[in-house]
Amino acid sequence: MLNSRRFIPVFVKRVRVLQTRRAFGRISVRTTAQAARTVQNILPRSSSKLCYTSRVQKQSRYFSNDALPSHIRVPLPALSPTMEAGTVASWLKEEGEKLEEGDVLAQIETDKATMEFETPDEGYLAKIVAPAGSKDVPVGKLVCIIVENEEDVAAFKDFKDDESSAPATQPAEAVSDPPPAPPVAAAPPTTPPPTTPPQGAMPQAPPPAMPPSPSGRVFASPLARKLAREKGINLPSLSGSGPEGRIIASDVQTGAPVTPERPVAPQVTPEGEFTDIPLSNVRKVIAKRLLESKQTIPHYYLSVDIQMDDILELRKELNELGKAEYKLSVNDFIIKASALSCKQIPEANSYWMNEFIRQNHNVDISVAVSTDSGLITPIVFSADKKGLKNINSDIASLAERARDNKLKPHEFQGGTFTVSNLGMYGIKNFAAVINPPQSCILAVGQTEKRIIPDDNTEQGFSQAMMLSVTLSCDHRVVDGAVGAQWLQHFKSYLEKPATLLL
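Residue numbering for the sequence shown follows our numbering, starting at 9 and increasing by one per position.
Any given hint could turn out to be false.
[To be verified] When the alpha-carbon atoms are kept at most 27 Å apart in a straight line, the in silico DSSO-like pairs for lysine-lysine are as follows:
no., residue 1, residue 2
1, 504, 397
2, 504, 414
3, 331, 436
4, 504, 351
5, 101, 165
6, 335, 101
7, 143, 397
8, 393, 414
9, 499, 393
10, 499, 457
11, 302, 436
12, 292, 143
13, 393, 331
14, 394, 331
15, 324, 504
16, 149, 168
17, 302, 168
[Said to hold, decoys possible] Listed next, with one range per pair, are the computed distances between beta-carbon atoms:
no., residue 1, residue 2, range
18, 411, 299, 24 to 30 Å
19, 242, 111, 43 to 49 Å
20, 369, 170, 29 to 35 Å
21, 283, 369, 28 to 34 Å
Simulated from the structure, these hints should not be mistaken for lab results. None of these values were measured; they are calculated from a predicted model. Here a beta-carbon is modelled for each residue, glycine too, at the ideal position from N, C-alpha and C.
Please take these sequences and the hints and turn them into a complete structure.
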């Protein structure tokens, strides 16, 4: 009897431990189920494509429906902080191949570099939705399907990503609800739980927008907020179609941008006399293209001084030989030297085509000409193959017809490189605006006398005719070192004019 009484406290302690463990087990199960339901209610339905990493989320990334077995939808992740879209450079795994967690699945070209995309989970690659070479794939868009069992791969042979059907796809665990937990005392929910329509029911009209909270907060998904900022859409003006009236990405995509109201400036009557000049079509095109150029092209500028004494002496001799037949200008030599430099550095003779860089084989020099209606750039075709006399003749003819508005479209549309010369107006130097899709434009200033160092004279200096030029380059096509090499060739051709004949 004494021995049994001695063991009663030990027995009671063990019973209490077992009861505590069972209580915690029930709480853990109930908490996990509530957390899963909370995630489903808070996240928009389109977010079912996301790959989750936590334990509760990992249970929710398997999807299935009547036609397809359980699978994992793998979206394109953001591989860099500024990445908004990427290009699928290559797939390192083939459909049907077994995947181990951490294997390199594909190579993605981002806005920074080509990066490796690792497999998010184990399984088999069932379907490649975005094949190699797919460009501008938005972050979050479905790129492939992974399944657990190899025999499920065949079910995705003809799978096609249908964004409109994505909301109807439900997680596999959502089909069978967990067993009901014992009732516990809890505060009543502030909002009624969302009702799930039957799987075969017709889609209903979007629920009414959630009434604004007393604090003025708008309930929207993070993706919807991002899209609204990019499109300039006011979120409170939209009606949400997500759970409990939550605004999701599809609501923003169908919404119209809201132009913020600006205070109307008071009408001021000018005191002096003025003339309103209507815009011509040429002026509208010039304004549009130059604005586009400065907003979209990353300009940079390289300048160099060139000694022009030998070129001026050669020009004088050639004009004396030609007498009245022709009269060469400094600009003729500049165009010839520019064309030959473009043959040496073909990057400067290229187009930026958004998806690729087009390197032109012909060197067609556009020459900026000022007319009464605006600036126009007639083209000297194949300038690298023409002599100075032919270049001079072409420019004289093109400039005359440009001022008379008699140019044909093919004579001023195109060109691979542009020269703009303001030296005749006494301009020392300036920076010109690139004419898209070209990659470079050369700004030419005035030729003037300057004092330069000269070790061959007693004074240590001498006078020379110097020309300042500035090359504007598109950094997407022409790197700084490449632009500098172009200017080296250009300077060499003008300072050693005999090389123009080679």
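Evaluated hints:
1. Straight-line distance between C-alpha atoms of residue 504 and residue 397 comes to about 19 Å, which keeps the hinted pair within the 27 Å bound.
2. Using a Cα cut-off of 27 Å, the hinted pair residue 504 and residue 414 is violated, with the two alpha carbons roughly 37 Å apart.
3. Between residue 331 and residue 436 the alpha-carbon distance is near 30 Å, which puts this suggested pair outside the 27 Å criterion.
4. This hinted pair checks out: residue 504 and residue 351 have alpha carbons roughly 17 Å apart, not beyond 27 Å.
5. With a CA separation close to 16 Å, the supplied pair residue 101 and residue 165 stays within the 27 Å bound.
6. Taking the CA atoms of residue 335 and residue 101, the gap is near 67 Å; set against the 27 Å cutoff, the hint is violated.
7. Straight-line distance between C-alpha atoms of residue 143 and residue 397 comes to about 48 Å, which puts the hinted pair past the 27 Å bound.
8. Our distance criterion of 27 Å between C-alpha atoms is met by residue 393 and residue 414, whose separation comes to about 26 Å.
9. Distance restraint check for residue 499 and residue 393: the Cα-Cα separation of roughly 19 Å lies within the 27 Å cut-off, and the hinted pair is therefore satisfied.
10. Between residue 499 and residue 457, the direct Cα distance comes to roughly 17 Å. Compliance with the 27 Å bound is thereby established for this hinted pair.
11. For the hint linking residue 302 to residue 436, the alpha-carbon distance of about 23 Å falls within 27 Å, and the restraint holds.
12. Note on residue 292 and residue 143: the hinted pairing is violated, with a Cα-Cα distance of about 33 Å set against a maximum of 27 Å.
13. Simply put, residue 393 and residue 331 have alpha-carbon atoms about 24 Å apart, close enough for the 27 Å limit, and the pair holds.
14. A hinted pair counts as satisfied when its Cα atoms are at most 27 Å apart, and residue 394 with residue 331 qualifies at roughly 20 Å.
15. Restraint check for residue 324 and residue 504: satisfied, since their Cα atoms lie roughly 15 Å apart, inside the 27 Å limit.
16. For the given pair, residue 149 sits about 13 Å from residue 168 by alpha-carbon distance, which is consistent with the 27 Å threshold.
17. At roughly 41 Å between alpha-carbon atoms, residue 302 and residue 168 are farther apart than 27 Å, so this suggested pair is violated.
18. For the pair residue 411 and residue 299, the beta carbons lie near 25 Å from each other, so the given range of 24 to 30 Å is met.
19. Remark: the range hint 43 to 49 Å for residue 242 to residue 111 is upheld by a beta-carbon distance near 45 Å.
20. At roughly 45 Å, the beta-carbon separation of residue 369 and residue 170 lies outside the given 29 to 35 Å, and the hint is violated.
21. At about 48 Å, the CB distance of residue 283 to residue 369 disagrees with the hint of 28 to 34 Å.
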